[in-house]
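J.: Protein chains in written order, with my numbering: chain A, 3 to 370; chain B, 276 to 664.
None of these hints come from the bench; they were simulated from the model. Heads up, some of the hints might be wrong.
Unchecked claim - Straight-line distance between alpha carbons at most 25 Å, and here's what the computed DSS-like set of lysine-lysine pairs gives: (1) Lys289(B) x Lys192(A); (2) Lys291(A) x Lys364(A); (3) Lys475(B) x Lys559(B); (4) Lys283(B) x Lys192(A); (5) Lys517(B) x Lys425(B); (6) Lys264(A) x Lys334(A); (7) Lys283(A) x Lys289(B); (8) Lys364(A) x Lys559(B); (9) Lys197(A) x Lys559(B); (10) Lys475(B) x Lys366(A); (11) Lys197(A) x Lys264(A); (12) Lys474(B) x Lys571(B); (13) Lys656(B) x Lys475(B); (14) Lys283(B) x Lys197(A); (15) Lys482(B) x Lys470(B); (16) Lys363(A) x Lys559(B); (17) Lys425(B) x Lys334(A); (18) Lys289(B) x Lys264(A); (19) Lys334(A) x Lys517(B); (20) Lys130(A) x Lys291(A); (21) Lys559(B) x Lys470(B); (22) Lys571(B) x Lys476(B); (23) Lys197(A) x Lys283(A); (24) Lys470(B) x Lys656(B); (25) Lys423(B) x Lys517(B).
Here the structure is a predicted model, which means the values were calculated and not measured.
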Amino acid sequence: MSSSISFTHNKYYSWCRNNLFSSWINGIITILSIYFIYEVSSFFLNWTIFEADFVNNFRGEKITDRTFCSKNIEPGQHGACWAIIIVRFHQFIYGFYPVEEAWRVNLVYGLLPFALVGIFFDNLPFRKYFIYFTFLFPFIGYFLLYGGAGLDVVGTSKWGGLLVTLFLGVTGILLAFPLSIILALGRRSKMPVIKTICIIFIEFIRGVPLITLLFTANVMLPLFLPEGVRPDNLLRALVAVTLFQSAYMAEAIRGGLQAIPKGQLEAAQSLGLTYWQSTRKIILPQALKISIPPIVNTCIGLFKDTSLVLIIGLFDLLGVGRAAVADIDWAKLHYEVYVFISLVFFIFCFGMSRYSLYLEKKLKTDNS
Amino acid sequence: MSNSFLRKLIFDEKIRSLVVQTLIIGIFALIIYLITQQTAYNLEKRGIGTGFGFLNMSAGYDISIRLIPYTSESTHFRAYLVGLINTLMISICGCFLATILGFLVGIIRLSSNWLFRNIAYVYVEFTRNVPVLLQIILYYTILLYLPKIKQALVLFDTFYITNRGIYSPSPIFKDGFSIVAWSFVIAIIFTIFLKKYFKKKQEQTGKQYPIFYVNSALIIFTPIIFYYIMGMPLDFDHPILKGFNFKGGMVVRPEFMGMLLGLSIYTAAFISETVRSGIMAVSKGQREASQALGLKNNLVLRLIVIPQALRVIIPPLTSQYLNLTKNSSLGIAIGYADLVHGFGGISLNQTGKAIEIMSMVMITYLTISLTISLFMNIYNKAVQFKGNA
Chain A
3 MSSSISFTHN KYYSWCRNNL FSSWINGIIT ILSIYFIYEV SSFFLNWTIF
53 EADFVNNFRG EKITDRTFCS KNIEPGQHGA CWAIIIVRFH QFIYGFYPVE
103 EAWRVNLVYG LLPFALVGIF FDNLPFRKYF IYFTFLFPFI GYFLLYGGAG
153 LDVVGTSKWG GLLVTLFLGV TGILLAFPLS IILALGRRSK MPVIKTICII
203 FIEFIRGVPL ITLLFTANVM LPLFLPEGVR PDNLLRALVA VTLFQSAYMA
253 EAIRGGLQAI PKGQLEAAQS LGLTYWQSTR KIILPQALKI SIPPIVNTCI
303 GLFKDTSLVL IIGLFDLLGV GRAAVADIDW AKLHYEVYVF ISLVFFIFCF
353 GMSRYSLYLE KKLKTDNS
Chain B
276 MSNSFLRKLI FDEKIRSLVV QTLIIGIFAL IIYLITQQTA YNLEKRGIGT
326 GFGFLNMSAG YDISIRLIPY TSESTHFRAY LVGLINTLMI SICGCFLATI
376 LGFLVGIIRL SSNWLFRNIA YVYVEFTRNV PVLLQIILYY TILLYLPKIK
426 QALVLFDTFY ITNRGIYSPS PIFKDGFSIV AWSFVIAIIF TIFLKKYFKK
476 KQEQTGKQYP IFYVNSALII FTPIIFYYIM GMPLDFDHPI LKGFNFKGGM
526 VVRPEFMGML LGLSIYTAAF ISETVRSGIM AVSKGQREAS QALGLKNNLV
576 LRLIVIPQAL RVIIPPLTSQ YLNLTKNSSL GIAIGYADLV HGFGGISLNQ
626 TGKAIEIMSM VMITYLTISL TISLFMNIYN KAVQFKGNA
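Bound-form chain B, shown alone (with noise of 0.2 Å):
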């Protein structure tokens, strides 16, 4: 009897996975229990306890770019909060100016031109088969030879480029601007309609209307006639030289810079190649057709080929976003205070809470990479081919 059990363990293909799934959870649990037991023992030995508790104690160190308010007074959690306001805005910044530059650099890679698309293959080239690190310290340090704040260099009278950052006016808002500001947003709802309409309008008569031109004069013009209607309600406060510092204005850090150049250059050398083989995927036969209909070259390019070639780019440059994002943890280097620098670097050491912080962070970069999946699997299925092709 035995003897048929130990051939159905063996032979039977159901029970032997079984057997071999129940001992790979068996020998997970003994790893997971021993790791613990031996952590909760060092820790222990060491004096640190355990628990979120941290979170709410002051965090005792400043950091100089933030978008909300935060002294060295406040709370670890706060200065989390900053972290992450900061790695989410460099990676906006950073995704929007590498797919601008990206897709340009696609495309003159596809010039006919041969020297013109020979300069973006060198550029393509030296760009991607450097180190992003590497990149971003190197554009930091040029940044950091610019003229010092007395000798800055001056543009247009109101934008000061100096060694410190980037000075320029800040907006000031007063009573009647947020009317302005809901006008071009009713401006824009509107087009969509209008737009909508004149679509319909098409397929029914055939006659096509001025679209682009219209909707982009209500765009434009709405909002400055609103402008003017209120009363100008715009001012601009202008840095101004005192003492050793700026006073006053927007800044724009050398530490931003950096680390957008940085990234942005880098990822664009990848974004552009990305686009560059999405368009060579559409077929010649597409473009010809197109043009025997007819159609006018910029037309083709709009309705034919980029429509196509959206659908090879999206999922590539969807994961060029998530490196971006990821990338975005190098600012430790230049002492950008990202989340990765000031929570994950200065108050993980402050307080020793090695486990508790890291696995904050890596959480929160994992919710930032399935979120940037999620809206971009979305997108991704809205410009797939419609229907069972």
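Extracted from the complex, chain A is given alone in its bound form (with noise of 0.2 Å):
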């Protein structure tokens, strides 16, 4: 008799029972998905790593084409070619960077969460210093990665793979973040006129898809201006990026904004603070603080949205990855390079995520 009761009250076999096997329905469905979960993850495990070639395939020879690749060797019996990948790193972190020059790509690579640490975490050291870093950070890495003054140029149409993604996500979020406060601060302005240029503005991005945009910059910007003005493919798309960013920000500050009781600013203006002063020592602080979450969230949702480059012919992660697929020598390989990319994709995402998370978490104890 006590021998079953200290069995039941083992904290592993009442979780389970609570979790697994409260009911014989549940029953069923833990015994489902229990086989569900083997299925799909040693199908996924064998191909990805027990049955996949790396460097060697089975044989042991080096692979340097699709040829050599277990699986076209002995169709059905082998996972993925990672061969593919390992040989084509290098465009995939750099593009047609000159090899010798990528220290330069890496220093920017080293420098960047130096930048963005400032941003996000608000009980960091010197978080002044390197706040100021990260509005120094696009000129660095600009000069750094275009070159000139000592450093050879390398034009932005040989950048590419994880190197134009970063660039257009990182810069598209740092350029748009002054904008979207200006267009933020717009929409809640009493004068008519800016009001409705900030709403028209606002309204009309977030209502066509960013593709459309991407095209109008690709086309129509050359219309626009005057001859021998001619901003590159790579700086056309970054126009029509931070735009976009910019109006999806400014509602998420928007958001913010709206959050702050009224007597805040009316407490600033009974103590003689002019509209200027009382939104940046009184207002923005607190609707900043209120709107990072949803910040990072259309963070996310920009980083992703930078894959669509390919479609106006740059490469980006995806694009190199499109064009590896379409090399004669290394044909037929899509799974591989696609759930490689999925996979940085994600890395950076869910990083993302659970930080913003994290946000929520931190803020809701807080007011509470």
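Taking the hints as your guide, dock the two standalone chains into a single complex.
T.: The following block contains the structure:
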């Protein structure tokens, strides 16, 4: 008797009972779920790891093109052929950037975290200097990547892969941020002209797909500008991406502005602060803090949407991947390439969404 | 005097705002003037005229996925219509599928079974953190690896699954089928009145009537009875393999399937999150109170939880529908002939009328977006709290 009681009080046992076998329907669902998980994960793990080729095929030969892949030698018996990723790794990360200049890209990748920590963590020591660095970063980064003043010039047509994805994502977000604050404030302005312009801009951008904006920037920007001024393709895409992001971010910030009680502004005004003083010192710091989670969500959206630039002929991560599977030497290795790119996007976006969740939790405890 | 005028300009709020706004209007007018001048000059130099005359010219390219007649001799305007219909078709089908899948996954995520709800969680995280464009391309690639037409997978001797699409029999409506269709419509209208009548009766007498069973039986059996009365006026045209292709029947192209899968699987992940948070937003007390009143579990869900959850779900659901519609423009990546691919892509390249075509495409998308938000706002108003709550 006593042994059976101690058994039912075992916490693992009661956890399983409550969460997996609380009723007989639940029991069936659990067993089916275990079977499903087993099937999917065994297939996936076999394909990606246990039966896959990395550098050498099952005969021990080095894989130099698709004919050496085990799955092409013995069809139906082997998993993925990751050699396509390994051989083209440089292209996935740097695009067509010259190999001997790749250290510059690495340096920018290395500096990137320092540019971002200041925004993301508000209890960081010396946060002020990190924020200064954030605003300097686009210029330092562009100088390092593009060159000039002692460094060899590497044209943007040679950029590609993760470099273009991150460039568009990070620069787009950093440039859109100040613009979106202006738009969000403008939308709440008392001046009808400013208000109307901001509303039309925001609603227009949010009403059309990003791809039409990219097309417009690509086709129409050269028509609008005088001869001789020919922004290159990457810059045109950056303009479209920045405008797109600023509209979405402005709506996120507007949500934060609306959440600030009116008394805050009135108290600031009664102290004799002007509009700009009260906005900068009282309203914006509070509003931006609340709107960080939705802002991060728009950033995740933008980061994923940068993949659209492949349609206007830029080689971002997905564009390089499509070029890789179109190569005759490596043709028909679609799944390997797409799974790899999905994983890269997943790591970045999942990381950002975890961060946003962490913030939401933190803000909740602050308020209560 | 001029001093006081300057003083007013800086310190009087009304005058200052007037000056600022006039200045902004002036700057905008100047920019627009400069851009139009420059554009007109650039267009003239390249020898491109303006105007919408090109819409009546022959398009000269073919579109394989179409619901209305279209040949390569048709006009650009016809191409626009074909693209618009394709965009609407994929958006409606996508929203429909995404809603079903999203609600299903959202409810699974609230399951008391730890394993079951975590499978749904993994699905949500993996689909919403990977770009929709990549997913569309991936699913399309999988569809292209289906067996070739000669080795088609056959389901129930009627459906043929191939890498060129899924072939199925197409219905042929004979005389008298319209009566069957009308009987169906009339049955639905009749059930609406019946439901109102039963409800009134219930409010008066307190007796419950089996509204659901009576109405379902009416809707299902009326058309079936009329179908037999009219002498089974429906035939099927089966697809038959002739040479290298199927003749007859209907086909769902892999481009459409790829778009549909990509859009709905991606959007369903977001919808499931809004559904989950909507149901969780209904306070536990509501559920407990209704159980204390003696309501059965399915009635608690139908009468108490879902109506309150819908209030929270509808606004974010609207923006998901808008996103799906906008994402349907990605068809260009896999060759689905939507508005952006056919009219915005090929027509633009052929005629060079970038400004006219892009503004038409954008205005169309704006109109679609506004229409969706309008209808969803009406629906939202209908489910919100009535009175002064």
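J.: Each hint needs a verdict: does it hold in this structure or not?
T.: Hint-by-hint comparison with the structure:
1. Proposed proximity of lysine 289(B) and lysine 192(A) is supported: the alpha carbons are some 11 Å apart, at most 25 Å.
2. For the hint linking lysine 291(A) to lysine 364(A), the alpha-carbon distance of about 11 Å falls within 25 Å, and the restraint holds.
3. Restraint check for lysine 475(B) and lysine 559(B): the C-alpha separation of about 31 Å exceeds 25 Å, so the hint is violated.
4. For the suggested pair lysine 283(B) and lysine 192(A), the alpha carbons sit about 19 Å apart, so the restraint of at most 25 Å is met.
5. A hinted pair counts as satisfied when its Cα atoms are at most 25 Å apart, and lysine 517(B) with lysine 425(B) qualifies at roughly 10 Å.
6. About 61 Å separates the Cα atoms of lysine 264(A) and lysine 334(A), which puts this hinted pair outside 25 Å; it is violated.
7. Taking the CA atoms of lysine 283(A) and lysine 289(B), the gap is about 24 Å. The hint holds against a cut of 25 Å.
8. The suggested pairing of lysine 364(A) with lysine 559(B) holds, with an alpha-carbon distance near 24 Å, which does not exceed 25 Å.
9. Using a Cα cut-off of 25 Å, the hinted pair lysine 197(A) and lysine 559(B) is violated, with the two alpha carbons roughly 42 Å apart.
10. The hinted pair formed by lysine 475(B) and lysine 366(A) fails the criterion: a straight-line CA distance of about 46 Å is larger than 25 Å.
11. In summary, the hint linking lysine 197(A) to lysine 264(A) is supported, as the alpha carbons are separated by about 19 Å, within the 25 Å threshold.
12. At roughly 19 Å between alpha-carbon atoms, lysine 474(B) and lysine 571(B) fall within 25 Å of each other, so this suggested pair holds.
13. Taken as a hint, the lysine 656(B) and lysine 475(B) pair is honoured in the structure, with Cα atoms around 24 Å apart against an allowance of 25 Å.
14. Between the alpha carbons of lysine 283(B) and lysine 197(A) the distance comes to roughly 23 Å, so the proposed pair stays at or under 25 Å and holds.
15. Of the pairs offered as hints, the one joining lysine 482(B) and lysine 470(B) holds, with about 14 Å between alpha carbons and a cut-off of 25 Å not exceeded.
16. At roughly 21 Å between alpha-carbon atoms, lysine 363(A) and lysine 559(B) fall within 25 Å of each other, so this suggested pair holds.
17. A distance of roughly 21 Å separates the Cα atoms of lysine 425(B) and lysine 334(A); the hinted pair therefore holds under the 25 Å criterion.
18. For the given pair, lysine 289(B) sits about 21 Å from lysine 264(A) by alpha-carbon distance, which is consistent with the 25 Å threshold.
19. This hinted pair does not check out: lysine 334(A) and lysine 517(B) have alpha carbons roughly 29 Å apart, beyond 25 Å.
20. At roughly 16 Å between alpha-carbon atoms, lysine 130(A) and lysine 291(A) fall within 25 Å of each other, so this suggested pair holds.
21. At roughly 31 Å between alpha-carbon atoms, lysine 559(B) and lysine 470(B) are farther apart than 25 Å, so this suggested pair is violated.
22. Taken as a hint, the lysine 571(B) and lysine 476(B) pair is honoured in the structure, with Cα atoms around 22 Å apart against an allowance of 25 Å.
23. Distance hint between lysine 197(A) and lysine 283(A) is fulfilled; the C-alpha atoms sit about 22 Å from each other, no more than 25 Å.
24. The suggested pairing of lysine 470(B) with lysine 656(B) holds, with an alpha-carbon distance near 22 Å, which does not exceed 25 Å.
25. A distance of roughly 14 Å separates the Cα atoms of lysine 423(B) and lysine 517(B); the hinted pair therefore holds under the 25 Å criterion.
Hints 3, 6, 9, 10, 19, 21, counting from the list given before, are not met by this structure.
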